[in-house]
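Colleague: Since the structure of chain X is provided, determine the placement of chain D on it from the hints.
So the protein sequences, as listed, match chains X and D. The first sequence begins at 18 in our numbering and counts up by one. The second sequence begins at 3 in our numbering and counts up by one.
Hints in this document: simulated from the structure, not taken from any laboratory. Treat the hints with caution; some may be incorrect.
[To be verified] The list that follows gives simulated cross-link-like pairs (lysine-lysine, DSS-like), each with its CA atoms no further than 30 Å apart:
no.	chain 1	residue 1	chain 2	residue 2
1	X	Lys542	D	Lys173
2	X	Lys542	D	Lys185
3	D	Lys217	X	Lys531
4	D	Lys88	X	Lys542
5	D	Lys184	X	Lys534
6	X	Lys534	D	Lys49
7	D	Lys184	X	Lys531
8	X	Lys534	D	Lys217
9	X	Lys542	X	Lys294
10	D	Lys119	X	Lys542
11	D	Lys204	X	Lys534
12	X	Lys534	D	Lys43
13	D	Lys49	X	Lys531
14	D	Lys185	X	Lys531
15	X	Lys542	D	Lys217
16	D	Lys217	D	Lys43
17	D	Lys168	D	Lys185
18	X	Lys603	D	Lys10
19	X	Lys542	D	Lys204
20	X	Lys329	X	Lys542
21	X	Lys542	D	Lys200
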Amino acid sequence: MSEMILDDQPQDDGTAVNQNPVERAAALLKERFPDAVTDDTRDGYTGLMVSADKLVEVATALRDDIGFDYLSSVTGVDQINDNKMEVVYHTYSIDQGGSGLVLHVQVDRDNPVLPSLTPIWPGADFQEREAWDLLGIHFDGHHDLRRILTWDGFAGHPLRKDWKEVFYEEDHKPFGSRWPGGEVFRAEEKTVYGKNVRYPEGWLPTGDEYDVETEMYTGITYTRDQQSGMKTDKLTVNMGPQHPSTHGVFRMVVTLDGETVIDLKPVMGYLHRNHEKIGERNTFIQNLPYTDRLDYLSSMSNNHGYVLAVEKLLGSTVPERAEWIRILMVELTRICNHMWALGFLLNDLGALQTPMLYFYLERELILDFFEEAAGSRMMCNYMRFGGVAYDLPDYVREQETISFLEELIYEHIPAVLDQGDGLMTNNEIVRARSIGVGILSREDAIAYSTAGPVLRASGAQYDVRRAEPYSYYESLDFDIPVRYNGDIYDRYLIRMDEMRQSLRILEQVLPHIKATKGAPIVDGKPQYAIRMPNAGESYGRVENPKGELGYYVTTRRRESNPDRYHVRAPSFINLTPLGKMCEGHKVADIVAILGSIDIVLGEVDR
Amino acid sequence: MYGLGILKGMAITMKHFVDSYLDDIFWAARGGRYYNDEALKVRQGLKGKGVKTVFYPEEKLSVPERFRFVPFLVTDDPPPGQKWGKDWCTSCGICAKVCPPQCIWIERGVQPNGRPKPEPNQFYIDIDICMNCGFCMEFCPFDAIKLDHDYELASYDRTTAHIHDKERLSKPLSYWREIAPKKAAAEAAIRDHVDELKAWKKANGRDADPSTAPKMTEENTKQLFYRGEYY
Numbered sequence: 018m019s020e021m022i023l024d025d026q027p028q029d030d031g032t033a034v035n036q037n038p039v040e041r042a043a044a045l046l047k048e049r050f051p052d053a054v055t056d057d058t059r060d061g062y063t064g065l066m067v068s069a070d071k072l073v074e075v076a077t078a079l080r081d082d083i084g085f086d087y088l089s090s091v092t093g094v095d096q097i098n099d100n101k102m103e104v105v106y107h108t109y110s111i112d113q114g115g116s117g118l119v120l121h122v123q124v125d126r127d128n129p130v131l132p133s134l135t136p137i138w139p140g141a142d143f144q145e146r147e148a149w150d151l152l153g154i155h156f157d158g159h160h161d162l163r164r165i166l167t168w169d170g171f172a173g174h175p176l177r178k179d180w181k182e183v184f185y186e187e188d189h190k191p192f193g194s195r196w197p198g199g200e201v202f203r204a205e206e207k208t209v210y211g212k213n214v215r216y217p218e219g220w221l222p223t224g225d226e227y228d229v230e231t232e233m234y235t236g237i238t239y240t241r242d243q244q245s246g247m248k249t250d251k252l253t254v255n256m257g258p259q260h261p262s263t264h265g266v267f268r269m270v271v272t273l274d275g276e277t278v279i280d281l282k283p284v285m286g287y288l289h290r291n292h293e294k295i296g297e298r299n300t301f302i303q304n305l306p307y308t309d310r311l312d313y314l315s316s317m318s319n320n321h322g323y324v325l326a327v328e329k330l331l332g333s334t335v336p337e338r339a340e341w342i343r344i345l346m347v348e349l350t351r352i353c354n355h356m357w358a359l360g361f362l363l364n365d366l367g368a369l370q371t372p373m374l375y376f377y378l379e380r381e382l383i384l385d386f387f388e389e390a391a392g393s394r395m396m397c398n399y400m401r402f403g404g405v406a407y408d409l410p411d412y413v414r415e416q417e418t419i420s421f422l423e424e425l426i427y428e429h430i431p432a433v434l435d436q437g438d439g440l441m442t443n444n445e446i447v448r449a450r451s452i453g454v455g456i457l458s459r460e461d462a463i464a465y466s467t468a469g470p471v472l473r474a475s476g477a478q479y480d481v482r483r484a485e486p487y488s489y490y491e492s493l494d495f496d497i498p499v500r501y502n503g504d505i506y507d508r509y510l511i512r513m514d515e516m517r518q519s520l521r522i523l524e525q526v527l528p529h530i531k532a533t534k535g536a537p538i539v540d541g542k543p544q545y546a547i548r549m550p551n552a553g554e555s556y557g558r559v560e561n562p563k564g565e566l567g568y569y570v571t572t573r574r575r576e577s578n579p580d581r582y583h584v585r586a587p588s589f590i591n592l593t594p595l596g597k598m599c600e601g602h603k604v605a606d607i608v609a610i611l612g613s614i615d616i617v618l619g620e621v622d623r
Numbered sequence: 003m004y005g006l007g008i009l010k011g012m013a014i015t016m017k018h019f020v021d022s023y024l025d026d027i028f029w030a031a032r033g034g035r036y037y038n039d040e041a042l043k044v045r046q047g048l049k050g051k052g053v054k055t056v057f058y059p060e061e062k063l064s065v066p067e068r069f070r071f072v073p074f075l076v077t078d079d080p081p082p083g084q085k086w087g088k089d090w091c092t093s094c095g096i097c098a099k100v101c102p103p104q105c106i107w108i109e110r111g112v113q114p115n116g117r118p119k120p121e122p123n124q125f126y127i128d129i130d131i132c133m134n135c136g137f138c139m140e141f142c143p144f145d146a147i148k149l150d151h152d153y154e155l156a157s158y159d160r161t162t163a164h165i166h167d168k169e170r171l172s173k174p175l176s177y178w179r180e181i182a183p184k185k186a187a188a189e190a191a192i193r194d195h196v197d198e199l200k201a202w203k204k205a206n207g208r209d210a211d212p213s214t215a216p217k218m219t220e221e222n223t224k225q226l227f228y229r230g231e232y233y
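Isolated chain X, as found in the complex:
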């Protein structure tokens, strides 16, 4: 069985290694910047070490001359033992695909100043703000370096290793206070209001001393139009955080000229819980259920990315059946997620509730399957390092699992997609509202680091499943849909296409699921106390329904907790070009544009 699959995979020969674009790019950079670029020689690390003062030149050369034109992820790391702050850049080539070139930049921890990469890649905007907010790394030349996830008056930078909250238990779980002989307490008894909050100097909750909002509105305040002709005023309006169209608690500060949007700034962080700090306290396995809660509509994909990253560090192998089950789950999740996204897009376009629920009927059946298999509809917590938690169930809703899946995949989902086509694709109102609205060009989509359907609707045929195949995607036959107009309508169509491609994948997966019945689903007995065999970094990325979801994990040798744990959240980064997409459109279009990006605030705010 397994040989059949392995035969399909292309064999690596010597020439392929020589032509590896990452190695070639690294060699070119070292040749061009002999003083500034060196190999990262730390144990378990890959990529290049770049000196901060030459970073902009190196990045420009990388983008323009070497073809690594896509900055996927910017990660700040606190290397407290070396008294350094490190920023890790993951860059990829959209056209060539393949693995990425990782740049490490280290600066002094007491004075962490780096040049900003926003002039080269505007997509670094939010990510640099995040690194400033959570780690206090200053990016010189960033046009708008404000806090992004925590509130403006927050004291300190919480991801720094020496930052501790007021009610602080221990650096790592499991907390000794809980066992043995632990005394029961509710955390809030120890963290009453006023005790767990540190206000900055001179700040009062009444707000006069530290005006949060002025900073927000700088440059976009009320002004009177001096030009001749119709005298119009510019007006700043807050859409959200409590607004039904924002899909959660998300705020857009919109400057309007009449009905037309002049400027839009997203404000987020209302659901911020510092997922990454929690992740650094958790042991590796404890963090798994937390990843469910990032993008809570596609928890299976979130699990998948995380286990891939940790499996790279552990060096564990995954049995064949487990891989097929993973693909089955992940592709079903993609369909689930896109159904949700399109249902809500209709909702945002004014077709309230009714058509949305038609999509959900089928989604509900998929969730029934998840519930039977994993025990929970949405917080699946299904994957484990080296496999999956349980085998497929025998029955789903009192029907045999395989026949349930076959009926779902061959009949129900295609039927509901056709029905969706009938409802939306040729609907004149949908077309009038969405064609030519919220256009993002191919160049902008790449420069702004967008991923997933947003990127592909703008004409960049980039999908991690093909660019850097993981699991068995290499041996599966499917196409990467691409659309070229980059407007709302294309972002709608691309999701329809993707669901059909997912069905193609699922049709290929089902025979393997049948053939591997009874085979092992996990590599060895699951362990609760995992210690990493080696130090090092690892970046696991998967094509989440919303885009590229990456987990950056570093660890020290024999550690049970990650040293640094960072999530490259597609929803968060896809919001970077929102302002640009909305410019010049009407207020009502903002809602539809936001709906077409498809965000989940649990992942945006982390």
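Modeller: Okay, now just chain D, sitting in the frame of chain X:
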């Protein structure tokens, strides 16, 4: 024709609207479409047509065996006149260590001579913190902590009602058998097999040929899949 797309969409909505009534007529002679267990099963399955509303709480969806919600502790079936039997928990603390949000507190029992006793004196779970991940169940080596199917835990006062103590958590084995028959049977088979192996080792000594050791029946091996584990 302009407007055709809209009309087509309307037709789909109309079809869904009519479907519910047709289904209503179908079930009229079979005990009604609503408040009827048989109809509910069909309505929620792949063959369901029309409106799928579940009239909770009069109608409830059955939960699958693997459904996980807030842990409970397994005890022996109680002797007559008592509520619980002997605890299976040995207060080893693995569940408390693996628990991601750290919602489990265990107070280990003490023997009269001051040495630890392998059973919990007290066992608390703060269900406000519990995230229903199921790790405690997965890693408990004694099958002593299981995730419940009872999801109706609303209460008027969270400060007192949401920290479950041992009394609230303990449920007899028969309850576990009832909510998860396949899993319970598989676990029982594994336990029996381990006991059998122990007895065999004791009887034959260390140097015995392992190939003559008792094997699990094929039926039991199959059942292991419900645990997702291999022994």
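Colleague: It remains to establish, for every hint, whether it holds in the given structure.
Modeller: Here is what the structure says about each hint:
Proximity of X/Lys542 to D/Lys173 is assessed by CA-CA distance (about 28 Å); at most 30 Å being required, the pair is judged to hold. Distance hint between X/Lys542 and D/Lys185 is fulfilled; the C-alpha atoms sit about 18 Å from each other, no more than 30 Å. Taken as a hint, the D/Lys217 and X/Lys531 pair is honoured in the structure, with Cα atoms around 27 Å apart against an allowance of 30 Å. Between D/Lys88 and X/Lys542, the direct Cα distance comes to roughly 29 Å. Compliance with the 30 Å bound is thereby established for this hinted pair.
Proximity of D/Lys184 to X/Lys534 is assessed by CA-CA distance (about 18 Å); at most 30 Å being required, the pair is judged to hold. Restraint check: the Cα-Cα separation between X/Lys534 and D/Lys49 comes to about 26 Å, which is no more than 30 Å; the hinted pair holds. For the hint pairing D/Lys184 with X/Lys531, the CA-to-CA distance comes to about 21 Å; that is within 30 Å, so the pair holds. Pair hint X/Lys534 plus D/Lys217 holds up; C-alpha atoms about 22 Å apart against a cutoff of 30 Å.
Straight-line distance between C-alpha atoms of X/Lys542 and X/Lys294 comes to about 29 Å, which keeps the hinted pair within the 30 Å bound. For the suggested pair D/Lys119 and X/Lys542, the alpha carbons sit about 28 Å apart, so the restraint of at most 30 Å is met. For the given pair, D/Lys204 sits about 36 Å from X/Lys534 by alpha-carbon distance, which is inconsistent with the 30 Å threshold. Between the alpha carbons of X/Lys534 and D/Lys43 the distance comes to roughly 27 Å, so the proposed pair stays at or under 30 Å and holds.
The straight-line distance between the Cα atoms of D/Lys49 and X/Lys531 is roughly 23 Å, inside the 30 Å bound, and the hint therefore holds. At most 30 Å may separate the alpha-carbon atoms for a hinted pair to count; D/Lys185 and X/Lys531 meet this at roughly 22 Å. Proposed proximity of X/Lys542 and D/Lys217 is supported: the alpha carbons are some 19 Å apart, at most 30 Å. Simply put, D/Lys217 and D/Lys43 have alpha-carbon atoms about 40 Å apart, too far for the 30 Å limit, and the pair is violated.
Under the criterion of a C-alpha separation no larger than 30 Å, the hint pairing D/Lys168 with D/Lys185 is consistent with the structure, at around 23 Å. As the CA atoms of X/Lys603 and D/Lys10 are separated by approximately 28 Å, the hinted pair is consistent with the 30 Å bound. Distance hint between X/Lys542 and D/Lys204 is fulfilled; the C-alpha atoms sit about 26 Å from each other, no more than 30 Å. Under the criterion of a C-alpha separation no larger than 30 Å, the hint pairing X/Lys329 with X/Lys542 is consistent with the structure, at around 18 Å.
This hinted pair checks out: X/Lys542 and D/Lys200 have alpha carbons roughly 21 Å apart, not beyond 30 Å.
Hint compliance for this structure: hints 11 and 16 are broken, all remaining hints hold.
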